[in-house]
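A.B. asks: Each chain is listed here by its residues.
Number of protein chains: 4
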Amino acid sequence: MSTPNQTPLVDIQNSIDARNIAIDKVGVRGVKFPIVVLDRTNERQHTIGNFTLTVDLPHHFKGTHMSRFLEVLNENKGEMSIHALPNMLKALKERLTAERAHIEVSFPFFMVKKAPVTGKEGMMEFECGFIAESNGTDDFILAVKVPVATLCPCSKEISKYGAHNQRGLVTAKIRFRDMVWLEEVIEMIESSASCALFPVLKRPDEKWVTEHAYENPRFVEDMVREVALKFNADERITWYEIEVENFESIHAHNAYAYLERTK
Amino acid sequence: MSTPNQTPLVDIQNSIDARNIAIDKVGVRGVKFPIVVLDRTNERQHTIGNFTLTVDLPHHFKGTHMSRFLEVLNENKGEMSIHALPNMLKALKERLTAERAHIEVSFPFFMVKKAPVTGKEGMMEFECGFIAESNGTDDFILAVKVPVATLCPCSKEISKYGAHNQRGLVTAKIRFRDMVWLEEVIEMIESSASCALFPVLKRPDEKWVTEHAYENPRFVEDMVREVALKFNADERITWYEIEVENFESIHAHNAYAYLERTK
Amino acid sequence: MSTPNQTPLVDIQNSIDARNIAIDKVGVRGVKFPIVVLDRTNERQHTIGNFTLTVDLPHHFKGTHMSRFLEVLNENKGEMSIHALPNMLKALKERLTAERAHIEVSFPFFMVKKAPVTGKEGMMEFECGFIAESNGTDDFILAVKVPVATLCPCSKEISKYGAHNQRGLVTAKIRFRDMVWLEEVIEMIESSASCALFPVLKRPDEKWVTEHAYENPRFVEDMVREVALKFNADERITWYEIEVENFESIHAHNAYAYLERTK
Amino acid sequence: MSTPNQTPLVDIQNSIDARNIAIDKVGVRGVKFPIVVLDRTNERQHTIGNFTLTVDLPHHFKGTHMSRFLEVLNENKGEMSIHALPNMLKALKERLTAERAHIEVSFPFFMVKKAPVTGKEGMMEFECGFIAESNGTDDFILAVKVPVATLCPCSKEISKYGAHNQRGLVTAKIRFRDMVWLEEVIEMIESSASCALFPVLKRPDEKWVTEHAYENPRFVEDMVREVALKFNADERITWYEIEVENFESIHAHNAYAYLERTK
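Heads up: the protein sequence lines correspond to chains S, Y, G and C, in order. FYI, in the working numbering the residues of the first sequence are 713 to 975. FYI, in the working numbering the residues of the second sequence are 713 to 975. FYI, in the working numbering the residues of the third sequence are 713 to 975. FYI, in the working numbering the residues of the fourth sequence are 713 to 975.
Derived from the structure by calculation, the hints contain no laboratory data. Mixed in with the good hints there might be a few duds.
Each pair may be met inside one copy or between any two copies, as identical chains are not told apart.
Pairs of lysine-lysine residues, derived as DSSO-like cross-links and limited to a Cα-Cα distance of at most 27 Å, are as follows [unchecked claim]:
{"#": "1", "residue 1": "K832", "residue 2": "K805"}
{"#": "2", "residue 1": "K805", "residue 2": "K825"}
{"#": "3", "residue 1": "K914", "residue 2": "K789"}
{"#": "4", "residue 1": "K975", "residue 2": "K872"}
{"#": "5", "residue 1": "K885", "residue 2": "K872"}
{"#": "6", "residue 1": "K789", "residue 2": "K744"}
{"#": "7", "residue 1": "K802", "residue 2": "K774"}
{"#": "8", "residue 1": "K826", "residue 2": "K789"}
{"#": "9", "residue 1": "K805", "residue 2": "K872"}
{"#": "10", "residue 1": "K975", "residue 2": "K774"}
{"#": "11", "residue 1": "K744", "residue 2": "K872"}
{"#": "12", "residue 1": "K857", "residue 2": "K914"}
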């Protein structure tokens, strides 16, 4: 480690830019940082965030100051919540002298899940995330990815026995007026599927999930509609986007459905 | 292989749906298919497409007919061009009885590139793509990803010698009124960078690219602006989106800039 | 483009290294190049290779000459076969003054597949590859990844109706004394599964694959054993490695089995 | 949730298998689980493991019992250390009635890093892992991935000014007779590079890292050799494997070197 430089170093980023082009977003991406998120059961859950942090850049500046994004992240010490994010947006705007700030973070989120018959417990991971933007007013989106089982209604109907089923992945994003827990969104999605997935299943559980899925066939079209019905019925939710991708067990490609609504 | 079933099988997808929820997009994703794309030099280039094909689904139908997407793909025999795509959109709408159809395809695209001094030739790959939508009128977007070298202006300015540089990835999407070749977009982007990348470089070439990059420092902010200037100057281009991600050689995270404009 | 440099440039790579450490493999990775592979039906198939090319480096040299790997690739013009690869290994050894050379290439490979009842045709992609090494004698490994359907024997046995099933991925590598086609290995693996996957399935086909999978339940353990039985019975095959990963439709994690044998 | 099944369900996995093929490894893969790892500074670090857990399966059993792998994981409550892993291997062998057990886990590991001049602190992530096997005796391998900066000695030598540099990724695996901290391996690798990477760099730091990299040029060949020299000099280390991949800033492909040694 050397001693600090004595003469001030030129601030190239701060110089005037003559190209007359404002930039919508500039910042850092792929920043990994340990975070704490709120959790309905234990209040706080340790996990790891993958961040994109950006601000706008007016046309007259040559560049932004990338190190300040990391400093803001450090100062927030990884507290991620719908309470902490507005402060972080504000700090980004102040430190970067910007009008708009944008935070995207995704993180693994764990829930304890019990097997449906034996009650055997295990941990299951869901990839969750927040998208927060300050542009005049603050905007906040909550995102979850929920793996589920889907059993094909057509295959069940036309076959003498059996029905093809597979793992599918539901990605949902919501805006809300009153706090919605990640766990609530996960449960709304799981209960819309042919069956939820479980970390630990003993034989009586496996019998139950097999029969439950067979009794509740779902196309990708059914999945997006069932989740949409639940989001429609929840008055806290004001906007949503639902995407379902089924890793079909009869094809090498996937079935896909997408729906976006402002309520 | 068994003999075909004699009694007609129920068409579950065609049954009435009472949930009253129309679906924005439903179809297939992750479909790999050999394709031929137009190429400025050789006219036709064999490559491999990764497709998402979707249509809208009115609220009164339970499901779409997934196999028909693949049939439409087969019937088009992999001819991918701004001429062939409107026909494919039309076929999707007809076969699926839909109002809207959407095709996304990405594919590796190769260009022969010569080393800047020795002229040594090699092949370089660019991930390209088309996004085509039919919704009343047809919409067509051309997409390219171009890896480039960027050398940091700040690092160059403040250091006694050297300057950190790295590989960056520029993703550009454009809409146009008159045909623009993929190769033209690639060249506009490469000429905006500190230096283009090359498949084969002998020592005189390596000297040239090293010095050329040092003489042309670029922040991610400069990259999006330089590309924007070129897109602004090209009257064929009516809309663009530019994204730059720098795999910084001084950080484990990336620098990022984004710009979107309707001209 | 500038004029070539007049004075010879120092060859740093060729200088003496005093650390006395030989390097097992040095070269280039992630090189994309258009290739042609042999195909049982059409003789030649255009595809795209992703290459790792390496040689050994004796302890007394500072570095290898990276551009020569690309030159050897260019000179072979993408002809990839068990006939062409020995020449390419030889060329690498000569051009890099090395004792050992190693080529790994993976590529998408397409087969036309017919639906089991209607005979509807479509294209299906398999990720294939070659591993070739010259180290005294030449060694050649053929690799294929085959997605299949697996239906759980336990779930079928214990449930009143239905049985969970899912997409699984079988990765096989073989050494052989007489030529084995990629298509043959793919067929040996598909016929070991609960059911093969298909690109296009109409309703009579979907009924057939659903019932066929139900009649042929397979654990991951069954999958590796069934494939092993077929490889054991084929006298051309002298060594194999089989890996199966099932994307379980009842869990968010995968079931896994692995087997390696010299015959 | 339904009531448990009254009649015992058949144990298909336990039935006799007549194919006479023992399986090397069978188990679960892609299991995410919150874990705690030992850390030189704070003693314990919360992170998230991605597990593959397997055992061997004798030829006479049809299948293994997948749920027991998850039960063993739950019972160990995520304590991952060279002390806890032997117990977990033992538990796997007992619960699965196996002769051999195998655990692979990778996890993000964070270190606080100070900028070289200003001392500004930030968190930096390294992908680390353990590979533990019980097969007669216990075997333990520690793995780390360390991103670094490399500056090309050839480019520096032949160019009037500048030198191409880039992010590289060093993957090292070691066996040892006396405990080696993850942090120690990371530091051995970082000090072998042209320069370490840092999460936060102010201008005086950026000047320092630019000049430091320029003063310490490294080919991928130099990187593996410099790390090998450090591993050779450490008497605790008995075996190692070193892999370096440079995301070249002059090419779209990567430079690569690999070395494996038993001391």
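A.B. asks: When no copy is named, should K914 and K789 be tagged within, between, both, or neither for a Cα gap of at most 27 Å?
C.D. replies: Intra 41 Å, inter 20 Å, cutoff 27 Å: inter-copy only.
A.B. asks: Check K975 against K872 for me: Cα-Cα at most 27 Å, and say if that holds within a copy, between copies, both or neither.
C.D. replies: Classified as neither; 42 Å inside a copy, 42 Å across copies.
A.B. asks: Give the relationship of K805 and K872 under a CA distance limit of 27 Å: within one copy only, between copies only, both, or neither.
C.D. replies: Neither, since 63 Å and 33 Å both go past 27 Å.
A.B. asks: Quick one: K805 to K825, C-alpha cut-off 27 Å, is that within a copy, between copies, both, or neither?
C.D. replies: between (40 Å within a copy, 26 Å between copies)
A.B. asks: Go through the copies and call it for K857 and K914: within, between, both or neither, with a Cα cutoff of 27 Å.
C.D. replies: Answer is within: at 25 Å inside a copy they meet the 27 Å cutoff, but 31 Å across does not.
A.B. asks: From the Cα coordinates, with 27 Å as the cut-off, is the pair K744 and K872 best called within, between, both, or neither?
C.D. replies: Neither, since 51 Å and 32 Å both go past 27 Å.
A.B. asks: What label fits K802 with K774 when the C-alpha limit is 27 Å: within, between, both, or neither?
C.D. replies: Answer is within: at 22 Å inside a copy they meet the 27 Å cutoff, but 46 Å across does not.
A.B. asks: Are the CA atoms of K789 and K744 at most 27 Å apart within a copy, between copies, both, or neither?
C.D. replies: both (13 Å within a copy, 24 Å between copies)
A.B. asks: Checking an output row: K826 and K789, CA cutoff 27 Å. Within, between, both or neither?
C.D. replies: This pair counts as between: shortest inter-copy Cα distance 16 Å, intra-copy 33 Å.
A.B. asks: What label fits K832 with K805 when the C-alpha limit is 27 Å: within, between, both, or neither?
C.D. replies: Intra 48 Å, inter 21 Å, cutoff 27 Å: inter-copy only.
A.B. asks: Up to 27 Å between alpha-carbons, please classify K975 paired with K774: within, between, both or neither.
C.D. replies: between (41 Å within a copy, 22 Å between copies)
A.B. asks: Under a CA distance limit of 27 Å, which applies to K885 and K872: within one copy, between copies, both, or neither?
C.D. replies: Neither: 39 Å inside a chain and 37 Å across chains, both beyond 27 Å.
Comparing the model with each numbered hint stated earlier shows that hints 4, 5, 9, 11 do not hold.
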